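2 protein chains.
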Amino acid sequence: MELTYTGKTKDVYELPNGNYLLQFKDDVTGVDGVFDPGANTVGLTIEGAGRAGLKLTKYFFERLNEKGIPTHYIDADIAQATMTVKPAEVFGKGLEVICRYRAVGSFLRRYGLYAEEGQALDAFVEVTLKDDGRGDPPISEDALDMLGILSKEEYQILKDLTQQIAGIVKDELAKKGIELYDIKFEFGRTGENRQIVLIDEISGGNMRAYKDGEYVEPLELEKMFL
Amino acid sequence: MELTYTGKTKDVYELPNGNYLLQFKDDVTGVDGVFDPGANTVGLTIEGAGRAGLKLTKYFFERLNEKGIPTHYIDADIAQATMTVKPAEVFGKGLEVICRYRAVGSFLRRYGLYAEEGQALDAFVEVTLKDDGRGDPPISEDALDMLGILSKEEYQILKDLTQQIAGIVKDELAKKGIELYDIKFEFGRTGENRQIVLIDEISGGNMRAYKDGEYVEPLELEKMFL
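Protein sequences appear in the order of chains Y and D. Quick note: the first sequence uses full-length UniProt numbering, first residue 1, plus one each step. Quick note: the second sequence uses full-length UniProt numbering, first residue 1, plus one each step.
Calculated directly from the structure, the hints in this document are not laboratory data. Take these hints with a grain of salt, some might be off.
[What the hints assert, rightly or not] Think about it this way: if two alpha-carbon atoms lie no more than 27 Å apart in a straight line, the pair counts; the simulated DSS-like pairs of lysine-lysine are:
#1 Y:Lys211 <-> Y:Lys55
#2 Y:Lys152 <-> D:Lys152
#3 D:Lys211 <-> D:Lys55
#4 Y:Lys223 <-> Y:Lys55
#5 Y:Lys152 <-> D:Lys159
#6 Y:Lys159 <-> D:Lys159
#7 Y:Lys130 <-> D:Lys55
#8 Y:Lys159 <-> D:Lys152
[As the list claims (entries may be wrong)] Okay, the calculated bits of chain Y under chain D, using three or more residues with CB under 8 Å as the criterion:
#9 117 to 127
#10 139 to 149
#11 186 to 198
These numbers come from a predicted model, not from an experiment. Every residue gets a Cβ at the ideal spot worked out from N, C-alpha and C, and that includes glycine.
Excised from the complex, chain Y in its bound form (with noise of 0.2 Å):
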């Protein structure tokens, strides 16, 4: 077993078969000390933060798996904060998308002219480059096409996915009292037909959420969910 890849807050190692093993660790990505989601480096390091995600990421890949939402999932040992997953290629260096129900974070930031903090939007989809050093910048149809990263065709798949998805998690969230106002995903291309799949983990660092109007911290979210 390889170490192929050692990211913020996972490890990824090659299995003999061609799979790969994701290892969930406990640094969490934030700043000076205080977590964020959201932040580009890792800000420290907290007891049982990489369990946590492999059990909501478990959990909700197990429920889109069954409804036929093509994932990169085959198993989960939450024991060991491992999982392992098919062999999937990203588009062009990394992409992130980002599906809205409510207007907060970002798009505010962008569009606060034309939006009121908190207001709803309907599964609002935006794509994002996975780029630190240039701060993530939010990237058009018609340039993922131009620059070669997604084609249209590809593009329609993606957005679609990304609302089922969302609509699917806000839903399960919805049962427990929880309100999902946005969620970011990462997908790539399997298999010798370059399926897009949902890739990466779905976990409370993946997504903003609301109980009875407070904001419910990133590793809480397991906790009142499962």
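Following the hints, put chain D in place on chain Y, whose structure we already have.
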């Protein structure tokens, strides 16, 4: 004749017949006394800057009108540095529509991970919000539609017009050996049928132009071209 708006580089007066008079000023945008067409503040006053911008605008708007491209232009008086235009309503609180033939400026700052400086782009169109306080953020077709600024049908018209107009300006400049790298336009709706028309101006301050590999300063463009 009533002053209805004082802009950074133009004053706008309403005429008794419902049309508008744009008074081109010698104030140009910039920072710390240095001319910068992309800046959001008036940086300095340059004798003749208003007339130079108007001469180019008159030239290009008359070429566009000959070709049947809808604009707000009626006529211009170079001696008075004024242009008479039809009334038009901007989209939302104002948009800028950019057409790019080479990767420079904010495109490169955002997408430098995927594009090299000066790389050819295929008349790539993007829209930014006019919002000085938020740094004129780029906005997608979906967001423009969702926020009620521009419908999907209007977006397509805007994009097509932008590529047509930029192509005409590019060809005109090429006749004098000048290469157009990028250009920004403003559009509005006019008349009872809310037709989409080009508004504002087309001058050195709206574009990046190069001759023999050298950047052409905005105020040099009028002397070099006309």
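Evaluated hints:
For the suggested pair Y:Lys211 and Y:Lys55, the alpha carbons sit about 20 Å apart, so the restraint of at most 27 Å is met. Between the alpha carbons of Y:Lys152 and D:Lys152 the distance comes to roughly 16 Å, so the proposed pair stays at or under 27 Å and holds. Taking the CA atoms of D:Lys211 and D:Lys55, the gap is about 20 Å. The hint holds against a cut of 27 Å. Our distance criterion of 27 Å between C-alpha atoms is met by Y:Lys223 and Y:Lys55, whose separation comes to about 10 Å.
At most 27 Å may separate the alpha-carbon atoms for a hinted pair to count; Y:Lys152 and D:Lys159 meet this at roughly 16 Å. For the given pair, Y:Lys159 sits about 22 Å from D:Lys159 by alpha-carbon distance, which is consistent with the 27 Å threshold. For the hint linking Y:Lys130 to D:Lys55, the alpha-carbon distance of about 44 Å lies beyond 27 Å, and the restraint is violated. Among the hinted pairs, Y:Lys159 with D:Lys152 is consistent with the structure: their alpha-carbon atoms are about 16 Å apart, no more than 27 Å.
Check on the stretch 117 to 127 of chain Y: 5 of its residues sit with their Cβ under 8 Å from a Cβ of chain D, so the three-residue criterion for coverage holds. Coverage of the stretch 139 to 149 of chain Y by chain D holds. Counting CB-CB distances below 8 Å, 9 residues qualify, and the rule asks for three or more. Taking a C-beta to C-beta cut-off of 8 Å, the stretch 186 to 198 of chain Y contributes 0 residues in contact with chain D, too few for the three needed, and the coverage statement is violated.
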